[in-house]
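Put chain U on the given structure of chain H with help from the hints.
Chains H and U supply the protein sequences, listed in that same order.
Per the working numbering, the first sequence starts with residue 1, numbered consecutively.
Per the working numbering, the second sequence starts with residue 1, numbered consecutively.
Since the hints were made in silico from the structure, they are not lab data.
Don't take every hint at face value.
Straight-line distance between alpha carbons at most 30 Å, and here's what the computed DSSO-like set of lysine-lysine pairs gives [unchecked claim]:
no. : chain 1 : residue 1 : chain 2 : residue 2
1   : U       : Lys108    : H       : Lys42
2   : H       : Lys78     : U       : Lys70
3   : U       : Lys105    : H       : Lys83
4   : U       : Lys108    : U       : Lys67
5   : U       : Lys56     : U       : Lys68
6   : U       : Lys67     : H       : Lys78
7   : H       : Lys42     : U       : Lys68
8   : H       : Lys78     : U       : Lys68
9   : U       : Lys56     : H       : Lys42
10  : U       : Lys105    : H       : Lys42
11  : H       : Lys57     : U       : Lys67
12  : U       : Lys70     : H       : Lys42
13  : U       : Lys108    : H       : Lys57
Label pairs and their computed distance ranges (CB to CB) [stated by the list, open to error]:
no. : chain 1 : residue 1 : chain 2 : residue 2 : range
14  : U       : Lys56     : H       : Gly40     : 22 to 32 Å
15  : U       : Ser73     : H       : Glu3      : 23 to 33 Å
16  : H       : Ser81     : U       : Ala77     : 43 to 53 Å
17  : U       : Glu14     : H       : Ser81     : 40 to 50 Å
18  : U       : Lys67     : H       : Asn28     : 27 to 37 Å
Glycine included, every Cβ here is placed at the ideal spot set by N, Cα and C.
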Amino acid sequence: EPEVTQTPSHQVTQMGQEVILRCVPISNHLYFYWYRQILGQKVEFLVSFYNNEISEKSEIFDDQFSVERPDGSNFTLKIRSTKLEDSAMYFCASTQGSNQPQHFGDGTRLSIL
Amino acid sequence: GEDVEQSLFLSVREGDSSVINCTYTDSSSTYLYWYKQEPGAGLQLLTYIFSNMDMKQDQRLTVLLNKKDKHLSLRIADTQTGDSAIYFCAENLIGAGSYQLTFGKGTKLSVIP
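Bound conformation, chain U alone:
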């Protein structure tokens, strides 16, 4: 089965880069996602990467995937106070007849002005 692990808290200063890390255990072909959840709100899809890619960049967001170590990271450049939220890593197996996302517990990012 699959399991997704994240550190629970991260605190950074406004303007610095944030790096949120995630590890997953399943080695099958998979998509890996980052979702953002602001207080009282839903899950906003930020970005995703397929397991045959190493990196994906989208404006201030950079996703790095280390397949050997099953390690995924989300880097937010020039972190703003509006980036304060919980960030969830999620994994979706493909080709195994399963459509569900498996989520980590989420990393709470606090941005200090």
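Bound-form chain H, shown alone:
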């Protein structure tokens, strides 16, 4: 069964550094999402992306965050200058249609030191 893949599985970065989290959505999917889960807390929506542009973003998704689909397969989340509070598990998801079930990757655990 096709799946969403995320790399790396664990990223350790110094505070203030830039980090790029990578995702390969399911190949025929058109809608892409990033969520994050701070340890012990809810999964929170960050951003949705469709037709090469952001369709919706949450309050968490401030100017330090950006997303990109640089080619036909990858979907990336960049954090420009990481803060300690950015430490979390980041999940990528994709779906074929906007009201179809979202399929999640296994996540990237981001640890900011």
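Below, chain U alone, put in the same frame as chain H:
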């Protein structure tokens, strides 16, 4: 806005049925999902139901939806130790231009051998 509430813990004996409950507040047309998260892993889509349905069954899983009370439940028949995980209820509004999933805090299911 929408909010999704779940109890945090559930403990059952192997072979018994587990019932995980969820309440949601938004009365708009919506999809409701159950995701499973095993330790250190991603979010696995288990099942979903549209708000015009009352029940959905898929092998050992039964989803019941009480629209009047905005109450959703997931029943796992013949619970196995491999079912030990965190179960997340999630809601997706449709027709409101929003694609994000709103998650509950998750119910940690512990299966006692």
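Can you name, in rising order, the numbers of the hints this structure does not satisfy?
2, 6, 8
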